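S.K.: Each chain is listed here by its residues.
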Amino acid sequence: MVRPYKDLREFIDRKDRGLREKVMSLEEAVGIIKDGDHVVSGGCHYSMTPMAAVWEIIRQKKKDLIYSRSITSTDGDLLLVSGATKHVITSWFSPGVTWGVSRVMRYFMQQGLATYEEWSHMSLGLRYRAGSMGIPFIPARVMMGSDLFLRAPDIKEIVCPYTGEKLALIPALNPDVAIIHTQRCDPYGNVQKAGLPFMDQDIAMAADRVIITTEKIVSNDQVRRMPDRTSIPFFCVDAVVEVPYGCFPHECYGEYEPLFSHIDDYVKVMMGQGPEGVKEYLHKYVYGPNTWNDYLELLGSKNIVQATVLGRAVYND
Amino acid sequence: MTDEAYNTAELVTVMSSRALEDGKIVFGGAGMPLISCILAQRTHAPRLTILFEGGVIGPHIVPGKLPPSTNEQRCARRANMLLPITDILLLQQRGYVDYGFLGGAQIDQYGNLNSSFIGDPEKPKVRLPGTGGANDIASLASKILVAMHHEKKRFVEKVDFITTPGYLQGGNSREKAGMLVGGVYQVITHLGLFDFEEKTKRMRVAALHPGVRIEDVKERTGFELVIPDNLPTTTPPSPEELHILRELDPEKRYTTPKGD
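So the sequences go chain by chain: U and X.
The first sequence begins at 1 in this note's numbering and counts up by one.
The second sequence begins at 1001 in this note's numbering and counts up by one.
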């Protein structure tokens, strides 16, 4: 639902926007999320997924979350099977084109156990952008005439008061919490993300609270040497967590490629055994390890090094 | 020119690449559409610019390393620009994009596509992954190309769900719904090429591939096609086209036929 403007302003008013350190543990940061919150993830598909935060959400047994993301991959499977969410807002939902249609997504949606609220990729992007701009909607020329329009909640159609043309009104989306992964960020929360921008800036501005996981924390002086590289300003951010390899098995631009062999194995289990197989996967890879680093150890150091070498190749071309 | 053997997926890929004119801008999806775009660049359209939904303008893709998604770093290699997803899709709304390249689980006689539900959306037999940017591309790009394997279960009279608008209910219904531009320009299958009749917007046979009879097409189509008296035959894939294609996808990950 589109939130009233005063409600949006009130939240920002209450937020401590001073220049202050926000470095904390993954556990503390994810503790900000309450049951029932709308959590939006940065990145897209299997790129720049804030997987460590998703992993911790599942470990903390969050419930009744609304989960939204531009394109949802294996992160969505894990959140559905763990019971963290029954409502996913996205434009496309499956591990990836070559891996087939997620059997987990199919099971939950076909059995009516969860909702997949489908928006076109651009209209979902415009929802976050409207949210980031503090306006209730953006007019656009998509979704019109389709059955997506008929199923989407809150979308409306108007006749333009200037031209008389028909337009779709894409309603704003202001999530409670955004979780975003970056290559570098300072202790105050100035995010300097490299590579594909996806929708990360808009979701940070649209959400009430923002959790940043970062490959490394750099000093504020480092940020100030390249202020043009900052895409999210510190006062939007509520938590900064240093999590090397925080997207695995997904990729982080310029740092590492996806662990395709791990995703292949996951897909085999997920497509072969459905939610039951994913439950076993969760026990092994999410509930089992004590820390994120223990999880990385399960992925195998050889695999990690290889993915890192391939990931860095972007800068060696 | 040649009778070198090629499979139906390769045939569709080559025919798709030929539909792309030089100097234009195309939104390329993962898999086969991307290969068609690169093939076009390496043959008749060296100044064709590829855009990816992930936020990439004009990348250079390494042969044999075609990424399985257009939203990842290998798609960004040596690009002209990386930009947010919303903004790359908005370039279409401004009018910068000539071609959109789409597929789907089902297509109907008016070129509407379904990639959301098989069966009743309230109680679907299959929940499919969804639109991604397909609805946006089909609403906004100047010309839509659809590449599909030609099967009766895919070529249906009415799609179970309109994810992606073609000409909606035919006639001027697309324009009436608010889409003042665009529409499906060509449907490319392993049997032939198809376009849409000017007035009714019903799908029409434009050409048949070598060795294909109109009966084969009718047999595999779940609705009545407009069939003109004069049906040209397409030129088969050349050795050069096939050679480049196989260099791009040596393991045939994206050019192996999916249907019978």
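Careful: at least some of the hints might be erroneous.
[What the hints assert, rightly or not] Taking beta-carbon pairs under 7 Å as the criterion, some of the chain X residues facing chain U (in silico):
id	residue
1	A1030
2	G1054
3	I1057
4	G1064
5	K1065
6	P1068
7	I1085
8	Q1093
9	G1103
10	P1129
11	G1133
12	N1135
13	S1139
14	P1228
Think of the hints as simulated: they come from the structure by calculation, not from any bench.
Because the structure is a prediction, the values reported are computed rather than measured.
Every residue, glycine too, gets a C-beta built ideally from N, C-alpha and C.
S.K.: All hints, please: hold or fail.
M.R.: We went through each hint and held it up to the structure:
no.: 1; hint: A1030; result: 5 Å, holds
no.: 2; hint: G1054; result: 6 Å, holds
no.: 3; hint: I1057; result: 12 Å, violated
no.: 4; hint: G1064; result: 14 Å, violated
no.: 5; hint: K1065; result: 10 Å, violated
no.: 6; hint: P1068; result: 4 Å, holds
no.: 7; hint: I1085; result: 5 Å, holds
no.: 8; hint: Q1093; result: 6 Å, holds
no.: 9; hint: G1103; result: 10 Å, violated
no.: 10; hint: P1129; result: 4 Å, holds
no.: 11; hint: G1133; result: 4 Å, holds
no.: 12; hint: N1135; result: 4 Å, holds
no.: 13; hint: S1139; result: 5 Å, holds
no.: 14; hint: P1228; result: 28 Å, violated
Comparing the model with each numbered hint stated earlier shows that hints 3, 4, 5, 9, 14 do not hold.
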